[in-house]
Amino acid sequence: MSERLSVLKTYKLYVGGKFPRSESGRVYEVTDAKGKWLANAPLSSRKDARDAVVAARKAFGGWSGATAYNRGQILYRIAEMLEGRREQFVSEVADAEGLSKSKAAAQVDAAIDRWVWYAGWSDKIAQIAGGANPVAGPYFNLSTPEPTGVVAVLAPQESSFLGLVSVIAPAIVTGNTVVVVAGEKAPLPALSLAEVLATSDLPGGVVNVLSGRTAEIAGPLAAHQDVNAIDLAGVSGDAEEATALETAAADNLKRVLRPQAVDWAADPGTGRMLAFLETKTVWHPMGV
Amino acid sequence: MPMEKQAFEYAPAPESRAVIDIAPSYGLFIDGEFAEAADGKVFKTVSPANEEVLSEVAQAGTADVERAVKAARKAFEKWSALPGAERAKYLFRIARIIQERSRELAVLESLDNGKPIKESRDADLPLVAAHFFYYAGWADKLGHAGLGPDPKPLGVAGQVIPWNFPLLMLAWKIAPALACGNTVVLKPAETTPLSALFFADICRQAGLPKGVVNILTGDGSTGAELVAHPDVNKVAFTGSTEVGKAIARTVAGTDKKLTLELGGKAANIVFDDAPIDQAVEGIVNGIFFNQGHVCCAGSRLLVQESVQDEVLDALKRRMQTLRVGDPLDKNTDIGAINSAEQLGRIKELAAAGEAEGAERWAPACELPGEGYWFAPTLFTGVTQAHRIAREEIFGPVLSVLTFRTPEEAVAKANNTPYGLSAGIWTEKGSRSLWMAGKLRAGVIWSNTFNKFDPASPFGGYKESGFGREGGRHGLEAYLNV
Amino acid sequence: MHNRPTAGVSCHYARRYAPLVTMPTTVPAYGKEAAGRLATMADVTADDRALRRFLHGLPGVDAVGLQARAAALGTRSIKNTAKAYAIDLAISMIDLTTLEGADTPGKVRALCAKGVNPDPTDRTVPKVAAICVYPDMVATAKDALGTSGIHVASVATAFPAGRAALPVKLADTRDAVAAGADEIDMVIDRGAFLSGRYLEVFEEIRAVKEACVRGDGSAAHLKVIFETGELQTYDNVRRVSWLAMLAGADFIKTSTGKVGVNATPPVTLLMLEAVRDFHAQLGVQVGVKPAGGIRTSKDAIKYLVMVNETLGEEWLTADWFRFGASSLLNDLLMQRQKLGTGRYSGPDYVTVD
Numbered sequence: 028m029s030e031r032l033s034v035l036k037t038y039k040l041y042v043g044g045k046f047p048r049s050e051s052g053r054v055y056e057v058t059d060a061k062g063k064w065l066a067n068a069p070l071s072s073r074k075d076a077r078d079a080v081v082a083a084r085k086a087f088g089g090w091s092g093a094t095a096y097n098r099g100q101i102l103y104r105i106a107e108m109l110e111g112r113r114e115q116f117v118s119e120v121a122d123a124e125g126l127s128k129s130k131a132a133a134q135v136d137a138a139i140d141r142w143v144w145y146a147g148w149s150d151k152i153a154q155i156a157g158g159a160n161p162v163a164g165p166y167f168n169l170s171t172p173e174p175t176g177v178v179a180v181l182a183p184q185e186s187s188f189l190g191l192v193s194v195i196a197p198a199i200v201t202g203n204t205v206v207v208v209a210g211e212k213a214p215l216p217a218l219s220l221a222e223v224l225a226t227s228d229l230p231g232g233v234v235n236v237l238s239g240r241t242a243e244i245a246g247p248l249a250a251h252q253d254v255n256a257i258d259l260a261g262v263s264g265d266a267e268e269a270t271a272l273e274t275a276a277a278d279n280l281k282r283v284l285r286p287q288a289v290d291w292a293a294d295p296g297t298g299r300m301l302a303f304l305e306t307k308t309v310w311h312p313m314g315v
Numbered sequence: 017m018p019m020e021k022q023a024f025e026y027a028p029a030p031e032s033r034a035v036i037d038i039a040p041s042y043g044l045f046i047d048g049e050f051a052e053a054a055d056g057k058v059f060k061t062v063s064p065a066n067e068e069v070l071s072e073v074a075q076a077g078t079a080d081v082e083r084a085v086k087a088a089r090k091a092f093e094k095w096s097a098l099p100g101a102e103r104a105k106y107l108f109r110i111a112r113i114i115q116e117r118s119r120e121l122a123v124l125e126s127l128d129n130g131k132p133i134k135e136s137r138d139a140d141l142p143l144v145a146a147h148f149f150y151y152a153g154w155a156d157k158l159g160h161a162g163l164g165p166d167p168k169p170l171g172v173a174g175q176v177i178p179w180n181f182p183l184l185m186l187a188w189k190i191a192p193a194l195a196c197g198n199t200v201v202l203k204p205a206e207t208t209p210l211s212a213l214f215f216a217d218i219c220r221q222a223g224l225p226k227g228v229v230n231i232l233t234g235d236g237s238t239g240a241e242l243v244a245h246p247d248v249n250k251v252a253f254t255g256s257t258e259v260g261k262a263i264a265r266t267v268a269g270t271d272k273k274l275t276l277e278l279g280g281k282a283a284n285i286v287f288d289d290a291p292i293d294q295a296v297e298g299i300v301n302g303i304f305f306n307q308g309h310v311c312c313a314g315s316r317l318l319v320q321e322s323v324q325d326e327v328l329d330a331l332k333r334r335m336q337t338l339r340v341g342d343p344l345d346k347n348t349d350i351g352a353i354n355s356a357e358q359l360g361r362i363k364e365l366a367a368a369g370e371a372e373g374a375e376r377w378a379p380a381c382e383l384p385g386e387g388y389w390f391a392p393t394l395f396t397g398v399t400q401a402h403r404i405a406r407e408e409i410f411g412p413v414l415s416v417l418t419f420r421t422p423e424e425a426v427a428k429a430n431n432t433p434y435g436l437s438a439g440i441w442t443e444k445g446s447r448s449l450w451m452a453g454k455l456r457a458g459v460i461w462s463n464t465f466n467k468f469d470p471a472s473p474f475g476g477y478k479e480s481g482f483g484r485e486g487g488r489h490g491l492e493a494y495l496n497v
Numbered sequence: 091m092h093n094r095p096t097a098g099v100s101c102h103y104a105r106r107y108a109p110l111v112t113m114p115t116t117v118p119a120y121g122k123e124a125a126g127r128l129a130t131m132a133d134v135t136a137d138d139r140a141l142r143r144f145l146h147g148l149p150g151v152d153a154v155g156l157q158a159r160a161a162a163l164g165t166r167s168i169k170n171t172a173k174a175y176a177i178d179l180a181i182s183m184i185d186l187t188t189l190e191g192a193d194t195p196g197k198v199r200a201l202c203a204k205g206v207n208p209d210p211t212d213r214t215v216p217k218v219a220a221i222c223v224y225p226d227m228v229a230t231a232k233d234a235l236g237t238s239g240i241h242v243a244s245v246a247t248a249f250p251a252g253r254a255a256l257p258v259k260l261a262d263t264r265d266a267v268a269a270g271a272d273e274i275d276m277v278i279d280r281g282a283f284l285s286g287r288y289l290e291v292f293e294e295i296r297a298v299k300e301a302c303v304r305g306d307g308s309a310a311h312l313k314v315i316f317e318t319g320e321l322q323t324y325d326n327v328r329r330v331s332w333l334a335m336l337a338g339a340d341f342i343k344t345s346t347g348k349v350g351v352n353a354t355p356p357v358t359l360l361m362l363e364a365v366r367d368f369h370a371q372l373g374v375q376v377g378v379k380p381a382g383g384i385r386t387s388k389d390a391i392k393y394l395v396m397v398n399e400t401l402g403e404e405w406l407t408a409d410w411f412r413f414g415a416s417s418l419l420n421d422l423l424m425q426r427q428k429l430g431t432g433r434y435s436g437p438d439y440v441t442v443d
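Residue numbers (our numbering), protein chains in the order written: chain A, 28 to 315; chain B, 17 to 497; chain C, 91 to 443.
So here's chain A without its partners, still in its complex pose (with noise of 0.2 Å):
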């Protein structure tokens, strides 16, 4: 009995919350640690970084606008449809990482539990981050975080899943919405993410995931005026690079998370949260 053929899966990006292909018909080859062909991935160009920008400004209204607890059901609802398709993450990490399924099947799990932990944020971050202040007069002052917009987020190129998901869920867990940037060289989970995320209830546009060439993608992103913001993890490797985004980032005033060492197994802390939020404070007069 001859072996069944294999049905091979055509990796497409992911933008507002649909599946195109690149709008320049590009695509490259994806290889497994040791070289081995695995896939064609899409070749993003600047125009679909724009259309991923479009997309997600047009869903910042609706997700910023959600109720925490609604983001955070959400969240959840992506680790649950993770753990069910853990198996398949399992083998693409392995593959992208050269990781042996043990250890790869380490990265999904602590990954699923990161949507988990992070899920539980979405309606206690204002609280620790907001609060009254009080100011000498008869006025009631409130502080309270908001998202800060389109976030451009260059993922790990080193860590294809955990690091993936640990630059992602901080962003959009607050309310902002998300261009991700796959690692250059293992995009595969990242797309894969995306027909995850596709199917968990989150909005179209809240996170749009490209794949290509890190370089070329991320300068258009840094020096987009929509963009509010940009995290640099994915170009951790490059000071001359991230100096270069940081710069371009500068014309809009960018918030700019620094690349910086990270160890993705580790408790990651608010601060990826906090770097993507505003502080907004009202004032109200109290008197009958």
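Some hints here could point you the wrong way.
Unchecked claim - Derived DSSO-like pairs: lysine-lysine, alpha-carbon spacing no greater than 27 Å straight-line: (1) A/LYS36 with A/LYS130; (2) A/LYS39 with A/LYS74; (3) C/LYS122 with B/LYS346; (4) A/LYS212 with A/LYS61; (5) A/LYS39 with A/LYS212; (6) C/LYS232 with B/LYS346; (7) C/LYS232 with C/LYS122; (8) B/LYS346 with B/LYS226; (9) B/LYS168 with A/LYS85; (10) B/LYS57 with B/LYS86; (11) A/LYS74 with A/LYS45; (12) B/LYS94 with B/LYS226; (13) B/LYS261 with A/LYS74; (14) A/LYS151 with B/LYS454; (15) A/LYS212 with A/LYS36; (16) B/LYS363 with B/LYS60; (17) C/LYS428 with B/LYS346; (18) A/LYS151 with B/LYS157; (19) B/LYS428 with A/LYS85; (20) B/LYS428 with B/LYS444; (21) A/LYS151 with B/LYS168; (22) A/LYS61 with A/LYS45; (23) A/LYS128 with A/LYS212.
These are calculated hints, taken from the structure and not from any lab test. In this text, all values refer to a predicted model and were calculated from it rather than measured experimentally.
Fit chains B and C to the known structure of chain A by using the hints.
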């Protein structure tokens, strides 16, 4: 029986200049001592109300920046190691001395800046002292600030401040920096250097260790050198968005932590159910406070069409009672424009407003012959496309636009690259909260405007900058978190 | 730049509350023409519901903002010539008052003498505006004041509580008018106002106004006391101000002086604003009288600044602004002496009456 009727003219009520002794020249304050600039350069500072030269101050150059940063670095070791409670006591001392010398400092501020004495006396100085009091109390409680159990200072802070609230902006910068254990090199604005130099003297009176606070007077080039200095760990800037962007580019790729408090074009939104008399006061306070030299000024009035006439009539009537003139007169509401350069910019934008078809109005108003003056002015018939609706004028010029629905008000209010502040006037609580949620700005004043407090975080969204000053949030800018 | 009262009349609340009215001129509330102006607002006073709708449709008052504005006006620094002017103006605006159960004709006559000639050492001091007494002292006061030109004001309508039947209140008023009162200071029924029976309050004021008419067709001027300390909220103060003015008040007055909280700068400012808006809409000029608690020259001058910057100089006469006070006069006199001599005066240099 009624008396012969005559006008109730307020006689001049000048605050005395005798409380203050301005030296003919001042040096840089580096490592606890005043010293001339290495290259001996100086510049003059004038009173904008009459162009009188008040003093001559040193122009810090490269060598001076180097020396000041070095002094701050050296002082950092001991200062950061001091128990928080001890740092607190220095800050409390400073706060107290500011209170004691507040009249002197208020007069100085009005002379050098041109702002009315009633504002420097009743707003600036009380807030300056309060800011030091507030952050003094944090110095030994940093582990409880929700920023980690043992947050550490950053090192040397390079701070550049504007001319609109010279001493208050100094307080916003220096108080949290010192409380957190940093040392500072601060550059006051070119046109308003004096109060920072008086503050240097207060540091000496308080016995503050040498090098913890260094003051470098100079122009933009001094500030640029300071923020670019490789041994500065933290850059804090308040000023124009244009310069803020340049600074952001300068620090790109470094480890320097950056906070920016930049321009604004705030919408002050008046609904038809507003408490009209108080709204009018809020509009006036929003745009004419400090001659409109306020980054969070309510420079765009968005008034609901159904009350446009009523509000504008009341506003014009109220504007007729504003008293423009001598900053040292206790009855002056609007003082002098800070500099000839700023006056030029205001005039240019006002001219653009007329040229683009907006209708200009100002109360009959006699302006002094000398100095830099601009009458309180409003433009009606302004649209979002006009320059005076988009560009920060930073002067006593109000652009009036209208809206029909809350959604339209939000859309117009947010339609700007800035996002520093906004005002909402309505008696309906749910609408006020809904609006507050929708507006993309760091400070929302609902049924009030231009209120400040050391406990309340201040800072913007979008191109109005990032980071917060004031409150618990203000600590983050000066700690390694 | 100084305040110039609005020339002519714009239509401030017209859009929301009434048909557009444009009055070419200003008429005094006590004049014959005022009634015609008020009649144009008949629709809002037609019944309880219409009146409530109107009063509740007035713009709200933000307490903190109002207080801040009053405090800011209080920081005006009035010196030298301005101060001298303000002190004399304040003296001329005083309703010199004695409203005690222990009042006697002797006490009232002494007060009248003081009102005519406040400082026996200085004949340039202006007279006060009026002497304010209980109805049974009106005749005594009238007699003592003679041809001085000083008015006699009488409280009436079961002052200060106002808790009596309407016929009693009207009889009280007619009695005072018959005794020669030039002005009647009535109290409103705060109970009725607070329980929302606005039309009842309105009708009562109208009835008292009618009772102020003398046999010859002339009338005593009517001041309507709100007792703002009992009304509690600023919104109530604005509403009651409009209600009283619509009912024909010639003056609106803060307080009786008999409760814990009397005239305050914010309440007075709010009433001045109501008068300003009423004038803007109807062209009818109404006076304002803060009463109770104003004891120092400094305080009095703050009130004059408020008038100056809210209503303008048209109101800066005893015809349109009064202080209900007793001890204020001596403080004004001492300040006046200080301005004249450069030395601080003391209570032994003014008369105790």
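Checklist entry - Hint numbers the structure violates, sorted upward? => result Violated: hints 3, 6, 8, 9, 22.
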